[in-house]
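Participant: I would like the entire structure built from these sequences, with the hints used as guidance.
Listed below, chain by chain, are the residues.
2 protein chains.
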Amino acid sequence: MNLITSLDNINVKRWCKLKSKKYRDKEGAFLIEGEHLVLEAIKQNVAIEVILDSETIFPVDIPKYYVTKDILKKITSLENPPAMLAVAKKIPEKPYGQKLLLIDSLQDPGNLGTIIRTSVAFNIDTIVLGENTVDLYNEKVLRATQGLIFHINIIKRDLYTFIDELKKNNYKVIGTNVTHGQKIEELDLPNKYAFIMGNEGNGVNKDILNKCSQYVYIPMNEACESLNVAIATGIILYELAKKR
Amino acid sequence: MNLITSLDNINVKRWCKLKSKKYRDKEGAFLIEGEHLVLEAIKQNVAIEVILDSETIFPVDIPKYYVTKDILKKITSLENPPAMLAVAKKIPEKPYGQKLLLIDSLQDPGNLGTIIRTSVAFNIDTIVLGENTVDLYNEKVLRATQGLIFHINIIKRDLYTFIDELKKNNYKVIGTNVTHGQKIEELDLPNKYAFIMGNEGNGVNKDILNKCSQYVYIPMNEACESLNVAIATGIILYELAKKR
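Protein chains in written order, with our numbering: chain R, 70 to 313; chain E, 70 to 313.
Please note that a few of the clues may not be correct.
Which copy is meant is left open, because identical chains are indistinguishable; a pair holds if it fits in one copy or across any two.
Pairs of lysine-lysine residues, derived as BS3-like cross-links and limited to a Cα-Cα distance of at most 30 Å, are as follows [unchecked claim]:
# : residue 1 : residue 2
1 : K95       : K143
2 : K209      : K90
3 : K143      : K209
Bear in mind the hints are in silico, worked out from the structure with no lab data behind them.
Facilitator: Structure, rendered in structure tokens:
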């Protein structure tokens with residue numbers, strides 16, 4: 070076993086750089102933390118190398134690096150360093166299907182990760198991330214997906230022009246709007262649709278929201294101005310899944 | 070204006086102590102951060118004193134303390150110190166109603182705060198926190214409630230014995246269970262009910278779950294083992310609200 074012990078080792082530096090979006094984009098790779106996510110990445114054939122605590126036995130057929138606890142601590146974003154990390158290559162985009170979720174300017178990584186997990190639960194084909202949305206490969210996003218990032222197609226688009234493309238292809242583009250929409254439970258679900266959700270504080274950008282073909286809302290007590298965006302998305306995707 | 074400038078000032082020390090649950094319990098008070106929450110606390114008559122950036126003008130009839138930016142930075146849990154904080158007295162428990170949400174061993178403060186916000190949206194009367202649940206007055210819980218902590222009755226109980234009390238009083242106690250339950254949408258909603266949700270990783274404690282009168286589940290794609298607990302709660306409370 071070849072144990073890396075120096076915090077200045079060239080690989081350690083490389084792994085630490087993967088904490089920044091810029092370097093992830095340049096390398097087309099990202100860092101995965103913890104056994105559950107690492108095993109998922111290996112199963113999905115996207116893991117390039119694993120980084121292991123010197124005491125971890127792990128029979129797997131990709132390059133392995135054994136490191137000290139201090140190095141794990143330096144690489145990880147977690148309070149308690151996991152015994153196992155991996156570098157994975159970014160997941161390639163696939164053609165989008167008929168049931169889309171569009172995400173505009175979402176900022177909280179926990180929210181994005183949870184929305185990805187929920188989208189798998191309710192059979193969304195493809196998630197489309199707008200340009201101002203938190204990076205998909207942010208470590209908190211990955212953690213909140215609970216490994217389900219590997220189970221759904223996720224693509225990036227300029228939503229403004231992408232909505233035009235969708236409409237040309239007969240997709241209904243659906244947004245939320247409290248003042249002039251119909252109850253989500255009363256929506257007649259089209260075959261091809263794209264549901265759009267937005268930023269935590271400000272919702273969907275107005276220019277984009279104006280392009281929607283129709284609007285829905287979730288009825289609720291007026292003491293509550295709005296739901297958390299991941300909760301609202303969960304309820305909407307649940308209702309859409311029921312209609313199919 | 071009397072400006073506090075010393076980080077060792079006795080009030081500064083007192084405010085910092087309110088970051089710990091132990092001291093909050095002893096004092097029967099908690100710390101509130103940011104304009105939105107502070108204004109809600111004042112409206113609800115629970116604010117005892119406000120702590121202000123020396124530049125903030127704030128016409129309000131309770132004791133005001135002006136402090137330096139360094140002091141705000143020391144007191145706050147936020148990355149960017151808000152211009153306004155307050156000390157509030159803990160909200161007194163009220164008698165519980167007919168539509169209850171029981172929370173067992175929930176650990177993540179963001180999840181609890183979001184669940185409180187969602188409970189207001191869908192007209193739950195009372196939230197009942199079990200003994201192993203994250204502290205209600207944790208600053209991350211408060212932030213995630215978006216001020217709605219003041220709009221719902223929240224009480225603490227030993228859930229094991231409380232469920233017996235509820236059953237004696239003809240409440241249906243409902244839990245989630247994937248293997249033997251009915252679809253949430255098919256549930257016949259009783260007049261008096263208590264829905265119980267549990268821990269992020271382990272769900273509801275088995276001894277408690279076994280006491281339920283009935284079980285429901287949310288149908289979903291099997292690639293997804295489970296939903297985030299706040300999302301699952303959101304969908305369930307949404308469905309219950311529709312039935313009334």
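Participant: Against which earlier hints does the structure fall short, listed by number upward?
Facilitator: Per hint list: zero violations.
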